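All chains should be modelled from the sequences, with the hints used to inform the complete structure.
Chain by chain, the residues:
Protein chains: 2
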Amino acid sequence: MQALVIKGGGVTTPQGFKAGVAKAGIKSQDRYDLALVVSEEPAAGAAVFTTNKFAAAPVQLSKKHLAQGGFFRGFVVNSGCANACTGEKGLVDAFQMAQTAAGVIGCSPGEFLVASTGVVGVDLPMEAVRRAIGEAGNRLSVEAGSLAAEAIMTTDTFAKEIALQIELDGQKVLLGGMAKGAGMIHPNMATMLALVTTDAAISPACLQEALRRANDASFNMVTVDGDTSTNDTVVVLANGRAGNPLLEDTANPGFELFCEALKEVCQALAKMIARDGEGATKLLEVQVVNAPGPEDARKAARAIAGSTLLKAALFGEDANWGRIICALGYSGARFEPDRVDVYLGGLLVARNGAGASFSEEEAGKLLAKEEIRIVVDLQAGDAAATAWGCDLSYEYVRINADYRS
Amino acid sequence: MQALVIKGGGVTTPQGFKAGVAKAGIKSQDRYDLALVVSEEPAAGAAVFTTNKFAAAPVQLSKKHLAQGGFFRGFVVNSGCANACTGEKGLVDAFQMAQTAAGVIGCSPGEFLVASTGVVGVDLPMEAVRRAIGEAGNRLSVEAGSLAAEAIMTTDTFAKEIALQIELDGQKVLLGGMAKGAGMIHPNMATMLALVTTDAAISPACLQEALRRANDASFNMVTVDGDTSTNDTVVVLANGRAGNPLLEDTANPGFELFCEALKEVCQALAKMIARDGEGATKLLEVQVVNAPGPEDARKAARAIAGSTLLKAALFGEDANWGRIICALGYSGARFEPDRVDVYLGGLLVARNGAGASFSEEEAGKLLAKEEIRIVVDLQAGDAAATAWGCDLSYEYVRINADYRS
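Those protein sequence lines, which keep their order, are chains A and B. For reference, each letter of the first sequence is one residue, going 809 to 1213 in my numbering. For reference, each letter of the second sequence is one residue, going 809 to 1213 in my numbering.
Source of the hints: derived by calculation from the structure; they are not laboratory data. One should not assume that every hint holds.
Repeated chains share a single entry, so a pair holds when one copy, or any two copies, can fit it.
Straight-line Cα separation of at most 30 Å, DSSO-like style, residue types lysine-lysine; simulated pairs [as the list claims (entries may be wrong)]: (1) Lys872 x Lys861; (2) Lys835 x Lys1173; (3) Lys980 x Lys1079; (4) Lys872 x Lys1173; (5) Lys831 x Lys980; (6) Lys1177 x Lys897; (7) Lys1079 x Lys897; (8) Lys980 x Lys835; (9) Lys1071 x Lys835; (10) Lys831 x Lys897; (11) Lys1173 x Lys980; (12) Lys835 x Lys1177.
Since we're looking at a predicted model, the values are computed, not measured.
In structure tokens:
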């Protein structure tokens, strides 16, 4: 696909989207912790949410809004407080966030999707949140897109944004995205929030299917620490401003093109999340090839990327391929142990399930890099999958030892 | 049950068992790294093994020996090298360990069970191993039981031993056990090796059933880092020296007594493994009560004990109960989120799925202890389960960043 990356682009790069941010002072007084992203006209919406049984109040509310209608005016989000395990009050607070945002824009509360991220079990300071939503709503601009990406950060060390341009039926179509990640990152999904905006014209049903596919190949293939949070949310809003013929049939060739572009946006954000895993010093990419089926490839790639022991070995730049093999062995994937080859950054380290002779010096050089690619060849079929993760450092422990304080 | 703990006891406490150790110099020259535990007469044997598809050579061999016959003369084990992912040579080496041990004792190789623990993908130095087996076999003694527990250590910081005395049909019966744990500890099972000896008279089939039950309530409920190794092995040998009427029917009341005692030995060893998790500073015990079924209780307890985020919070002595709730939420257990109560060392920290008001000072005192007990009440039935784990410290990362070197 010919997707053009728009430098410095984000959620307000697609036509008709604006953002606004404010300081509600939820966890700290000195930073933006509230963001609104608004479409000038109703946008088709799709979303995927955490599978955690303790779904946070904003997750419950957004699910309800999504079930009630396919079109939305915007997304309101705060960081610093997850509004999870907050009982009835939490549900009321989440609704008030939607209601306040809707009041500023002039739409109904049901046209807003809501997300929160931060500490679990603490109530939102609603007076400050309402005030901040009002402020953010009164200063909507295209320029504030990057500030919105900043406002959703928690222990993230950099804001995560991307924008792409593609062509659909001769029309220029833009997609923009922002995400926050850092801790609690694990398939299905992560304390990760992501919002993707696009000016493509696409039906809500097609958008949901495109998101399902993109999510499976991106956010669901990222692991930082194996914990699936209460708040994971990925939202896509598509306002049709690009003027392409409406994508309303998954058999339309344009739909495939759109899916590819959405996957590219989501994978770019997913990799940024892995690279910025709490305390991470390295990005790990695990490709499993020649698996008997896609689920085998996915299970194997995720188990390897998620192995605590391997992650610690990578931090130490130790070519301990036994830990790759070990994680593969408990992944649940189907394969024959004596047919497995393992490559570390292109270097063959295990062949047919046993150690290959390789240069420790060369392995050391590959491990010293900031991006480490592991390829596992199962020689058992033709399915493949890629997962992303990071190393496990002292810093991860430090960050999580006193996250609340 | 009236089980008496024998101070300083271990695998040679039961009658008719002796041990011998030697230095094969596998990873270091200065320590015992090879042990033999031998019964004076054939002992009924039972074992459970890793579920990892890359089962190490000694695991494959021991499974075969177990399938061929129910009686054994001994157990031979080395540390420093896992003899895993070593292909055909690995299988030959494992067999040679059994053969050499059998030669010293005067029995057939099939009467030995074999285990190895250490680095994956490296061949055993067989000449040194054969010599060491010979040496260990020539100095068998009751006194060397504790040395055997030392010889199987890898990154363990203390040797793990226990012995109990019970009464079966008026006869004094002894059980002794040793284990190694430390890293790669996870249900089904752990890089953990354990050997339990007993002078009870019990049939191989009953012994296997007793071990299955004990293992499910002990080693399968311990997690250190979520990695299931290639070498996990738990062996029980019962030589009948106590002279109790043979337990050969699971309906025999004596069988239940024996099961309880075996469970007690295995749980004691499992807790030592958790307490000595790599880098651990605290032992974590998670009890899930009032679950709808035993599997729900087990899943919930294990997910909580295994949460990386919770483990880091415990290291930091942070009463972040949201992480307990979060792990429960993704555990797969059945429950109603708004009925869940959480206790931290007896202190109610969450009630009906939301935060309870509690004294942070009191919580801080409880978290400063070396043993932390979490109770989660699902209010959804009457099943219960207990899992053990430990905190995640800087030291875990340090140990695993350069394990091979």
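Against the structure, test the hints numbered earlier, and report the numbers of the ones violated in rising order.
-> Per hint list: 4, 5, 6, 7, 8, 9 and 11 violated.
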